[in-house]
Structures are given as structure tokens and as C-alpha cells.
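K.L.:
Residues per chain are reported as follows:
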Amino acid sequence: MDMQTNKKKLGLKEKYAHMTRGLDWETSYQSMDKVFPQATFEGIKIHDWDKWEDPFRLTMDSYWKYQAEKERKLYAVLDAFAQNNGHLGITDARYINAIKLFLTGISPLEYVAHRGFAAAGRNFPGVGPRVACLMQSLDEVRHAQTQIHALSNYNKHYDGFHDFKHMLERVWYLSVPKSFFDDAFSSGPFEWMIAIGFSFEYVLTNLLFVPFMSGAAYNGDMATVTFGFSAQSDEARHMTLGLECIKFMLEQDPDNLPIVQKWIDKWAWRGIRVLTLVGMMMDYMLPKRVMSWKEAWEIYFEQNGGALFGDLARYGVKVPECITQCTIDKEHISHQAWATFYQYGGAAAFHTWMPTDDEMDWLSAKYPTSFDKYYRARFTYWRDEAAKGNRFYTNTLPMLCQVCQIPMLFTEPDDPGQICYRESDYEGEKYHTCSDGCKKIFDDEPQKYIQAWLPVHQIYQGNCFPEGTDPTVEGFNPLAKVLEWYHLEHGKDNLDFEGSRDQKNFDTWRGLATKNT
Amino acid sequence: MQIDLRTVSIKPVRQTFDHIARRFGDKPASRYQEGTYDLQQTDIFHYRPLWEPELQLFDVRRTKVQMKDWYALKDPRQFYYGSYTIARARQQEAAESSFEMIEERGLAELIPAELKQTALDILVPMRHVEWGGNMGNSFISAYGYGTAITQPCLYHAMDHLAVAQYLTHIGLVLDGPEALDNAKDAWMKDALWQPMRRHVENVLVVQDWFEIFTAQNLVLEGLSYPLFYDYLDADFSANGGTVISMMTRFMAEWAAETAKWVDAQVKVAAAESAENKALISDWVKQYRTPVLEALAPLAKRAFGDKAESVLTEVTDQFNARCAKLGLAI
Chain R
1 MDMQTNKKKL
11 GLKEKYAHMT
21 RGLDWETSYQ
31 SMDKVFPQAT
41 FEGIKIHDWD
51 KWEDPFRLTM
61 DSYWKYQAEK
71 ERKLYAVLDA
81 FAQNNGHLGI
91 TDARYINAIK
101 LFLTGISPLE
111 YVAHRGFAAA
121 GRNFPGVGPR
131 VACLMQSLDE
141 VRHAQTQIHA
151 LSNYNKHYDG
161 FHDFKHMLER
171 VWYLSVPKSF
181 FDDAFSSGPF
191 EWMIAIGFSF
201 EYVLTNLLFV
211 PFMSGAAYNG
221 DMATVTFGFS
231 AQSDEARHMT
241 LGLECIKFML
251 EQDPDNLPIV
261 QKWIDKWAWR
271 GIRVLTLVGM
281 MMDYMLPKRV
291 MSWKEAWEIY
301 FEQNGGALFG
311 DLARYGVKVP
321 ECITQCTIDK
331 EHISHQAWAT
341 FYQYGGAAAF
351 HTWMPTDDEM
361 DWLSAKYPTS
371 FDKYYRARFT
381 YWRDEAAKGN
391 RFYTNTLPML
401 CQVCQIPMLF
411 TEPDDPGQIC
421 YRESDYEGEK
431 YHTCSDGCKK
441 IFDDEPQKYI
451 QAWLPVHQIY
461 QGNCFPEGTD
471 PTVEGFNPLA
481 KVLEWYHLEH
491 GKDNLDFEGS
501 RDQKNFDTWR
511 GLATKNT
Chain A
1 MQIDLRTVSI
11 KPVRQTFDHI
21 ARRFGDKPAS
31 RYQEGTYDLQ
41 QTDIFHYRPL
51 WEPELQLFDV
61 RRTKVQMKDW
71 YALKDPRQFY
81 YGSYTIARAR
91 QQEAAESSFE
101 MIEERGLAEL
111 IPAELKQTAL
121 DILVPMRHVE
131 WGGNMGNSFI
141 SAYGYGTAIT
151 QPCLYHAMDH
161 LAVAQYLTHI
171 GLVLDGPEAL
181 DNAKDAWMKD
191 ALWQPMRRHV
201 ENVLVVQDWF
211 EIFTAQNLVL
221 EGLSYPLFYD
231 YLDADFSANG
241 GTVISMMTRF
251 MAEWAAETAK
261 WVDAQVKVAA
271 AESAENKALI
281 SDWVKQYRTP
291 VLEALAPLAK
301 RAFGDKAESV
311 LTEVTDQFNA
321 RCAKLGLAI
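Protein chains in written order, with the numbering used here: chain R, 1 to 517; chain A, 1 to 329.
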């Protein structure tokens, strides 16, 4: 028998192809439809999975090698951060509230992304996308864990971080990001890829991940920013996968275009609504600002996103139709959201405050057409009242949008003085949405969105009190009971930054670290 | 002599997150604990999945096995992403240097022809079985319940992909790309491989994730890895094929390490209730038969006359292992 080895040296691309392609096969003892039961129900037609271009040719051994090196470095920095009380190096204790929002609102979603990409990685019949999705699933569990580990040291010293998983499932504003990911994961694998792989990871990541990490860099948060740098190359891979995936769907069959376009429109709007929280964080919660929300929007969405959609135009993809509204909204949403959180500061797991005069001047300069005209007077009034001992907290509950689950705080596109409401009828019931964008999403899939677990509705129905609560006893305080059910410690996790335990502890500890008394 | 660096000491407000403290008390927690326990959402879901509207996104009803606390299924290796990748990076470094040495010095030429052919006929087509292992474990990682078991199942899925790639590499070293085409042909058509392919495909359509765990990680791996990476490997080494053993070292080490994890899962689940024990025991019996049927022709090809005795030994060891885990098989 001739057993001569093949002396021809294989190129990298060729070698990678051998390492993955051909591992799969056309099953015959069981039908392919049974092996891949989720491959067709969404209506996306794929004719040839082998046309998939692998965006990054990473075999498992090189994946381990690169990632382990990054992990070693990251954890060395986290250890040093903890050992040296790195948390005392931040600009100002108000900053910590930005990362509370991150740990409670974003990190648990990295976890869901891990599960969702594992599902996509099981469900696609093609080897290329399967392997790419599984690697992303692995990266996402990395991100969930490294974020938790990076912020673990903050949790030891500050309030609001301590029960993030419990809170994610219950607290009113956390249902905004949670329902976003529940929505994507409860869809099929192709919609998941447009929702998370494309819209979230590609179009919006520069407006979510980057502002938080840059905020960390600007505010002396060594732990978070090191995580950010360490995750950067993972994120770049995820963006490439999202883009490759959308191109692949569009190239495979012209019938896919209307489905993909509908998903792009839906998930761009869903994502942009979630970004309201980021806008508020950028404009109000960072003591040292990176840039305004409006500037970030203009650079990362209008310019970069514009170029992306220019590139996708050859497939017939149009820019999401919500853009007109977004162009108006960029002047307002961060102020409107912060005003809302300020008023509901009794029920939030982070501290709120009104900006200083300097900060208001910065906001005026960044928002010359909106801040002074619509928001400054109100904010100044609240601040003056608080100084007099009348810190304003609202005790009623807001109506929530049936789709994005944000309180009805946004205004009409043509009138920033008027709250925007939309209404739909479905099976004899009325459902309310915050905008034309959310109403359109509701009307397209009402059977899905009527299932939403809306925190305010649930409170009114009595579903958000600790077990054994008797609401009929004299002096029953529903808000106190809801906070107890949230595991939110009244007087520690919530209320104004001024007078908070975080503020006192930070001042005391920084004093210990910098003074000799 | 000891030097004593001084740092400003601050008394923390708490030692760990509440969900960790509820389980272990408020004391410093390990990275495994903070990165694993109670991470998966359990309580409130907004929408029923379009792909399985009768269940929630994460739902205990996706397996018949039931646990009071799903986090009892913990990983004795305490792998979280960082410790997992660092452990594997060390192993891959050893594997990489073996492959480099073999390729640079043309050591594959020294393998006796007969052994080389055995490796090509038996080991290289196993890459498709590994792909099946990757599919099964990614299913569990997606649809299983509780991070304690879904997390290591993703690691296990990726490990299977890695093993498939090491086997591919072996094929390339031994006979170039043609080796892969021949192996695939054999996998698709040769009588030798059809019982195995049928079995792997049957497991691909199982919907109960703990059943997949049992069929794949306990039964198939528990019988095939000792057969190929222990017995066959010993044969290779004894007959001048040490070079092949150098290339399968990762698999041998990996199997020993992961078996401990698999055992911990099965033992705890079986000890939980008589129902679990009966269920898992039945699955072992149900899947042991087709796996042994699938391994029989491969053993014959690999061991010739010794096949039956080797397979009996492997089966006895496997049965003893299952008995130690508390299963009635």
C-alpha cells in the first residue's frame, strides 16, 4: 500500500477549511428536518450553507491560546485593583451609579446572549455559522463573568449591586433590557442573529459598550476599563459575525429581503429605546463626561451607521424608518429619562441627583436647542427645592409602553411639551405604546407583546409583594412592600446621592487614603 | 525574614453578592461561585418561545430528571471561563509542540504502515462522532437548566470541536487532505461505520437534555474513549506507533479529566431521588446496547482477535463505574 505522506504544505485558509468544513454530513438515519427543527419556520431560505464565508478563521487551539493570554492579564489587573483599593481612584462616587446600571442591566444580558448563541450554534445546519455562534456563546459567558468579577469589588464596598439577578427579573426599569433579550431569544435563530448579532452587536455596540467603557476610562475606573479593553477584540469578532450573517441571508434568496428588513426596522427601534438608559448615563451619571449622547449618536449612528447602510443598499436594504424620529429624539431622551429616574429615585437601585451649575452649562452647550428651553428650569427648581429640604419623589406609578416597557416619558415628535401615547386594540383590550415605532412592533405581533410582564401592571395586580403580605392591614405601604420584594434596601440602595451611604463611605475611605488624620 | 507591606485597610460593607451569600453565607466567594451560581434567570419571562410555546425560555420541564436545586450539579473542576481557557491553553501548548515536532522531523514516516492504516481507518472518522458530541452538548448549554451544568456543557461542546480538529490534524499529518475525504466516505457508506453513524444521528434528535448528557457524555464517551485512547493507544505504543500516541495525548488526558465531571453530575442527580436513579439507569441500559454494537466492528478492525476480550474489559470497567455512581444497570 502506498502510504506516502502528502508533502504539499497547506495554506492557512485551506487548513482552516479542513478543520471545520466536512465535519458535518447530510444525515440519513434521521431526517435533516428533525435534526435541525428550527431551520425553516421563520421563512428564511438558505440554499447553500457552504457559501458562508468564515469571518474569523479560529481553530479551538488558537482560540484557547489567545483568550487565555487575555484572561491572565485581565485577572492580574483585577487582583491588583482589589488589593490596592482601586475604587478610591475614581473621579467621584456618583460615577459608581453608572456601573450599577451596567451590572444590573447589562451583565445578566451577556449571560442570556451566551445561552442564545449556544442555541443558534446548535440550530443552524451549516458548520461555519454554527462554529462562529458557539465561539460567540463562549465569549459571552466570558463577558458576563468578567464583568461580575470586575464589579465584585465594588459590590463589597457600595450599595445597589448586591442582588443583581433577583433585581433584573423584577425591578421596573430592568424589565426594559430584560424584555429586549427575552424577545430576541424567544424568536427563531435567524431573527436572533438580526436582533443580537446584527442590530445589537454591530449597529448599536458603539453606543452601548463603548460609552460605558470610555466612561470608565474617563472616570478612573481601572477595573471596568481593563475589562473593556480585554473584550474589545471579542467585540470586533462579534460585529464581523453579525455583518456576515446579514449578508449571507440576503445573498441566499431574494425572498429573504422583506423578512430581514422587517427585523432590521424592529430591532433598530427596540435597541434604540434601550439605549435611552445609556444616553442618560452619558449626560448625567458620569462626573467626567466622555461626550454627549447626541454627539455619540451623530458619530456612531448617523455617520458610521449611515456608511453601513450605504454598503447594504446593494442588497436592497433600506435605512430603518425610525431614523427621522431618532433625529428629533436625540435632543431630548437623555434629559427626559433622567428627569424620570430623579422623580422615581425612591424605587431605583441607584442614586440620583440634579446636575450642578457647571454641569447644566455643559448640557446647554451640548444641547443648545433643547436643554435651556425645556429642561433647565425644571431641574433648577428641583435642585433648589431639594436644598430647602423638599427633595421631590413621586409616589404614583407610571404607565409603561407595552413593547419597550419604558414609562411613557417620551414626547411627541412635533411637540416636546406633550407626552406621546399610542393605542392599539387587540381582542377587545386596549394596549398602550410610547411611540409610532413601538406601536408598529406591537401591531405586527400582538400575540407576542400582550404576554409582556409589565412591572407596573403587576404591582397594581398585587403580584409584587413578599409572600404573606396582607395589603388590607392599616397603614399598608405598598411602595415599601414592593421594594422589599425587589430586595432593594430602602435608604441604602435608593434615594438621592446627597446623604447616601455610598457618598459618606467614599469620603471617609478616600480621607483615610489621602490624609493623615 | 519577612517584609510587611502596609496598605490602607477598609472594612467592606459586604463580602459577596446576596444570591451567593444566601447559599454560602456572607464570606469571600470564589470566582467560580460568583460566575456560576444563580446566573440563569428562573422566575419571570416575558414571552413564550416561538419554537416551543408550551414552555418558558428556561424551563425545568425540558428533562424528566428533576432536582430540588439545579446548582447541586456543580463542576468539581470549578471551571469558569478564565480557569477553563487557561487550563486548555496549557494542554494545547503541549499538543501543539508534539505536532510541530512530528511535522518538522517527518516522524509520521516512521510509523509502521499497518498502524498508520489503523489510525486512518479508526481515529480519523471519529471526527464526525466528535461533531455529534459538540451538537449534543451545545443543545444542553442552550436548553439545559442552571448555569452549574449548562456552562461546563458549552466547554465540553467546544472541547469536542477541538478533539475533532486534533483528529483532523492527525489525518492531515498521516495522509494529507485525502485522509479526510476517505474518512468521510467511510463514515457515510462503509458498513464498518454505519452502526455508529446511526447511533450518533439518533442522539441528535433526542429532546430531553439530561438524556443527551447520559447518552453522549456518560455512555458513548465512557465506552469509546477508553477503547481508543487507552487500549488502542497502548497497542500503538507497544508496536512502534508512539508518534500516534503523541498526537492523541490531549484526548487521553481530557477524557480522564472530564469523566470526573460527568461522574459528579450523574452521581448527584441519581442520588437525588429514586425516580432520577431509575431514569438515568434506564438510559444507560438503553444506550449501552447500540454503542456496543457500533463499537464491535471498530474493535474488530482495531484489535482483530483480541477485540472481544478488549471490549468486554472496557464494558466491565464501564459497568463498574456506573455502579459506583449509584446506578442500577
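One or more of the hints may lead you astray.
Calculated pairs, BS3-like style, for lysine-lysine (alpha carbon to alpha carbon, straight line, at most 25 angstroms) [said to hold, decoys possible]:
1) R/K373 / R/K13
2) A/K267 / R/K504
3) R/K51 / R/K388
4) R/K45 / R/K318
5) R/K34 / A/K324
6) A/K189 / A/K68
7) A/K260 / A/K277
8) R/K156 / R/K388
9) A/K74 / A/K184
10) A/K324 / A/K267
11) R/K156 / A/K189
12) A/K260 / R/K13
13) A/K11 / R/K492
14) R/K318 / R/K439
15) A/K324 / R/K15
16) R/K481 / R/K492
17) R/K247 / R/K262
18) R/K262 / R/K388
19) A/K260 / A/K64
20) A/K306 / A/K277
21) R/K13 / R/K51
22) A/K27 / R/K492
23) A/K64 / A/K324
24) R/K515 / R/K262
25) R/K492 / R/K504
26) R/K504 / A/K277
27) R/K9 / R/K73
28) A/K74 / A/K300
29) R/K34 / A/K184
30) R/K9 / A/K184
31) R/K34 / A/K64
32) A/K11 / R/K156
33) R/K515 / A/K11
34) R/K51 / A/K267
35) R/K65 / R/K51
Derived list of chain A stretches under chain R, where covered just means 3 residues or more per stretch with a C-beta under 8 angstroms from a C-beta of chain R [stated by the list, open to error]:
36) 30 to 40
37) 77 to 89
38) 124 to 133
39) 198 to 209
Keep in mind that the hints were calculated from the coordinates and are not lab data. Just so it is clear, CB atoms sit at the ideal spot from N, CA and C, and this is done for glycine as well.
K.L.:
If a hint holds in the structure, say so; if it doesn't, say that too.
P.N.:
Status of the hints after comparison with the structure:
Under the criterion of a C-alpha separation no larger than 25 angstroms, the hint pairing R/K373 with R/K13 is inconsistent with the structure, at around 59 angstroms. Of the supplied pair hints, the one linking A/K267 and R/K504 is violated, its CA atoms being roughly 50 angstroms apart against a limit of 25 angstroms. For a cut-off of 25 angstroms, the pair hint linking R/K51 to R/K388 is broken: about 68 angstroms separates their Cα positions. Note on R/K45 and R/K318: the hinted pairing holds, with a Cα-Cα distance of about 20 angstroms set against a maximum of 25 angstroms.
A C-alpha spacing of about 36 angstroms is found between R/K34 and A/K324, which places the hinted pair above 25 angstroms, so the restraint is violated. Of the supplied pair hints, the one linking A/K189 and A/K68 is violated, its CA atoms being roughly 46 angstroms apart against a limit of 25 angstroms. Between A/K260 and A/K277 the CA atoms are separated by roughly 19 angstroms; this keeps the pair inside 25 angstroms, and the hint holds. As the CA atoms of R/K156 and R/K388 are separated by approximately 33 angstroms, the hinted pair breaks the 25 angstroms bound.
Under the criterion of a C-alpha separation no larger than 25 angstroms, the hint pairing A/K74 with A/K184 is inconsistent with the structure, at around 37 angstroms. Distance check on the hinted pair: A/K324 and A/K267 sit about 8 angstroms apart at the alpha-carbon level, within 25 angstroms; holds. Between R/K156 and A/K189, the direct Cα distance comes to roughly 61 angstroms. Violation of the 25 angstroms bound is thereby established for this hinted pair. A distance of roughly 37 angstroms separates the Cα atoms of A/K260 and R/K13; the hinted pair therefore is violated under the 25 angstroms criterion.
For the proposed pair A/K11 and R/K492, the alpha carbon gap of about 17 angstroms is at most 25 angstroms, so the pair holds. The straight-line distance between the Cα atoms of R/K318 and R/K439 is roughly 20 angstroms, inside the 25 angstroms bound, and the hint therefore holds. Taken as a hint, the A/K324 and R/K15 pair is broken in the structure, with Cα atoms around 43 angstroms apart against an allowance of 25 angstroms. At roughly 16 angstroms between alpha-carbon atoms, R/K481 and R/K492 fall within 25 angstroms of each other, so this suggested pair holds.
Among the hinted pairs, R/K247 with R/K262 is consistent with the structure: their alpha-carbon atoms are about 15 angstroms apart, no more than 25 angstroms. A hinted pair counts as satisfied when its Cα atoms are at most 25 angstroms apart, and R/K262 with R/K388 does not qualify at roughly 52 angstroms. Distance hint between A/K260 and A/K64 is fulfilled; the C-alpha atoms sit about 23 angstroms from each other, no more than 25 angstroms. With a C-alpha separation of about 34 angstroms, the suggested pairing of A/K306 with A/K277 is violated against the 25 angstroms cut-off.
At most 25 angstroms may separate the alpha-carbon atoms for a hinted pair to count; R/K13 and R/K51 meet this at roughly 15 angstroms. In summary, the hint linking A/K27 to R/K492 is supported, as the alpha carbons are separated by about 21 angstroms, within the 25 angstroms threshold. Among the hinted pairs, A/K64 with A/K324 is consistent with the structure: their alpha-carbon atoms are about 22 angstroms apart, no more than 25 angstroms. Distance restraint check for R/K515 and R/K262: the Cα-Cα separation of roughly 60 angstroms exceeds the 25 angstroms cut-off, and the hinted pair is therefore not satisfied.
Distance restraint check for R/K492 and R/K504: the Cα-Cα separation of roughly 11 angstroms lies within the 25 angstroms cut-off, and the hinted pair is therefore satisfied. Restraint check for R/K504 and A/K277: the C-alpha separation of about 55 angstroms exceeds 25 angstroms, so the hint is violated. For the hint linking R/K9 to R/K73, the alpha-carbon distance of about 35 angstroms lies beyond 25 angstroms, and the restraint is violated. Proposed proximity of A/K74 and A/K300 is contradicted: the alpha carbons are some 38 angstroms apart, above 25 angstroms.
Among the hinted pairs, R/K34 with A/K184 is consistent with the structure: their alpha-carbon atoms are about 22 angstroms apart, no more than 25 angstroms. Only pairs whose Cα atoms come within 25 angstroms are accepted, and R/K9 paired with A/K184 is accepted, the gap being roughly 22 angstroms. The hinted pair formed by R/K34 and A/K64 meets the criterion: a straight-line CA distance of about 21 angstroms does not exceed 25 angstroms. For the proposed pair A/K11 and R/K156, the alpha carbon gap of about 9 angstroms is at most 25 angstroms, so the pair holds.
For the proposed pair R/K515 and A/K11, the alpha carbon gap of about 17 angstroms is at most 25 angstroms, so the pair holds. About 44 angstroms separates the Cα atoms of R/K51 and A/K267, which puts this hinted pair outside 25 angstroms; it is violated. Proposed proximity of R/K65 and R/K51 is contradicted: the alpha carbons are some 28 angstroms apart, above 25 angstroms. Taking a C-beta to C-beta cut-off of 8 angstroms, the region 30 to 40 of chain A contributes 6 residues in contact with chain R, enough for the three needed, and the coverage statement holds.
Closer than 8 angstroms: that is the beta-carbon criterion, and the region 77 to 89 of chain A has 7 residues meeting it against chain R, so the requirement of 3 holds. Given as covered by chain R, the region 124 to 133 of chain A passes the check, having 4 residues with a CB less than 8 angstroms from a CB of that chain where 3 are the minimum. With a threshold of 8 angstroms between beta carbons, the proposed coverage of the region 198 to 209 of chain A by chain R holds, since 5 of its residues qualify and at least three are required.
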